[in-house]
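*Asks:* Protein sequence lines, in the order shown, are assigned to chains A and B. Under my numbering, think of the first position of the first sequence as 1, with each following residue one higher. Under my numbering, think of the first position of the second sequence as 1, with each following residue one higher.
Source of the hints: derived by calculation from the structure; they are not laboratory data. The C-beta atom is built at its ideal place from N, Cα and C for all residues, glycine as well. No incorrect hints appear here.
If you want the footprint, here are the derived chain B segments under chain A, 3+ residues with CB under 8 Å:
1. 6 to 18
2. 37 to 43
3. 47 to 53
To be clear about the criterion: a stretch of chain A counts as covered by chain B if any three or more of its residues have a C-beta under 8 Å from a C-beta of chain B, and this derived list gives those stretches:
4. 6 to 12
5. 15 to 23
6. 26 to 36
7. 55 to 69
8. 113 to 120
9. 127 to 134
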Amino acid sequence: MSGYRFDRLKILLVDDNPHMRRLVSTILQAFGVTKIQDASDAKQAWVKLRDFSPDIVVLDWMMGGTSGIELTKMIRTSPTSPNPFVPVIMLTGHTHVDRVREARDAGVNEFLAKPISVNAMLSRLVAVVDHPRPFVRTKSYFGPSRRRRDGHEYQGPERRSEHDGAHAGVDAVA
Amino acid sequence: MTKEHPIEIFMPPNILKAKVGGRIAGVDMAAVKRAEQALANLKTEFSDWINTDVGNLGEARDAFAAAVNGDTRSALYRAAHDLRGQALTFEYPLVARVATSLCSLLDGVDDAVPLTLVDAHVNAIRVIVRQNIRLANDKTAIVLTEELDARVREFLEKAKPKR
Numbered sequence: 001m002s003g004y005r006f007d008r009l010k011i012l013l014v015d016d017n018p019h020m021r022r023l024v025s026t027i028l029q030a031f032g033v034t035k036i037q038d039a040s041d042a043k044q045a046w047v048k049l050r051d052f053s054p055d056i057v058v059l060d061w062m063m064g065g066t067s068g069i070e071l072t073k074m075i076r077t078s079p080t081s082p083n084p085f086v087p088v089i090m091l092t093g094h095t096h097v098d099r100v101r102e103a104r105d106a107g108v109n110e111f112l113a114k115p116i117s118v119n120a121m122l123s124r125l126v127a128v129v130d131h132p133r134p135f136v137r138t139k140s141y142f143g144p145s146r147r148r149r150d151g152h153e154y155q156g157p158e159r160r161s162e163h164d165g166a167h168a169g170v171d172a173v174a
Numbered sequence: 001m002t003k004e005h006p007i008e009i010f011m012p013p014n015i016l017k018a019k020v021g022g023r024i025a026g027v028d029m030a031a032v033k034r035a036e037q038a039l040a041n042l043k044t045e046f047s048d049w050i051n052t053d054v055g056n057l058g059e060a061r062d063a064f065a066a067a068v069n070g071d072t073r074s075a076l077y078r079a080a081h082d083l084r085g086q087a088l089t090f091e092y093p094l095v096a097r098v099a100t101s102l103c104s105l106l107d108g109v110d111d112a113v114p115l116t117l118v119d120a121h122v123n124a125i126r127v128i129v130r131q132n133i134r135l136a137n138d139k140t141a142i143v144l145t146e147e148l149d150a151r152v153r154e155f156l157e158k159a160k161p162k163r
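Assemble the whole structure, with the sequences as input and the hints as a guide.
*Replies:* Here you go:
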């Protein structure tokens with residue numbers, strides 16, 4: 001792939017639906033990703049996070065047992081998390097703004113609505129590689145900044161507060 | 001100035017960029033075409049996949065009918081949600097629409113939902129798949145889906161809103 005060596009990436013795919021795992025895996029392989037491991041639940045995913053050390057996690061929101069949202073919170077904040085900074089791309093059929101906020105507040109980097117398209121998948125991969133968000137630690141949140149990446153430094157008065165990202169980052173969803 | 005709850009903002013090293021390489025402007029059309037072709041090659045399996053997912057929905061419905069509780073309702077919602085997200089990819093747009101309606105029904109209220117209305121959705125999905133209705137504008141199926149949408153709207157309007 002011109003410009004990107006996606007063959008160097010390790011991606012962990014977490015979804016309890018085998019068809020969705022196969023679909024996403026097929027797209028990633030076509031992009032050149034060869035090191036893909038999958039997990040059908042959060043427990044398996046946690047082991048693979050440690051043993052496989054993925055560069056990116058692609059996970060489904062809606063899973064039996066521990067949900068994708070809960071798993072993301074564990075990745076970001078658990079004292080035993082293998083990598084609290086790993087980029088998380090969340091797959092979901094939810095598109096309502098409240099659900100998007102919930103995903104952002106859990107520490108998700110990018111949000112990918114189903115049905116999944118090839119272009120959308122590529123753009124989320126490129127986003128986490130080319131436009132990583134700074135990380136924010138507040139009393140109530142740890143994870144990627146929930147504010148829009150617009151490429152311009154904000155010059156106005158300070159607006160961020162303890163509650164900032166809970167409301168500020170929704171418009172950053174691509 | 002000291003804050004009561006300091007906010008720390010920092011940029012972790014961009015290991016991914018170092019690993020994957022630099023950016024070249026524009027979308028890599030060859031990679032996109034490759035991926036689209038790979039998906040097209042999967043199409044022969046979509047009929048089996050949708051039948052499996054519809055089977056899972058039926059099993060979740062049976063478990064829900066046998067014992068209405070949070071677990072069986074969640075499992076039914078997840079099965080409907082899977083179809084909502086995937087049926088369009090599997091080229092059954094009306095299945096996606098009916099599954100969306102079922103998700104709205106289950107997600108819209110905390111109260112019990114009528115099993116007859118759940119069954120109407122599950123049976124509609126079965127019929128659409130069995131009759132291999134792939135067109136989004138199939139007239140009979142649209143009448144059916146519109147009726148389901150209306151019944152769900154009517155139920156949700158009367159039910160206590162979700163807390």
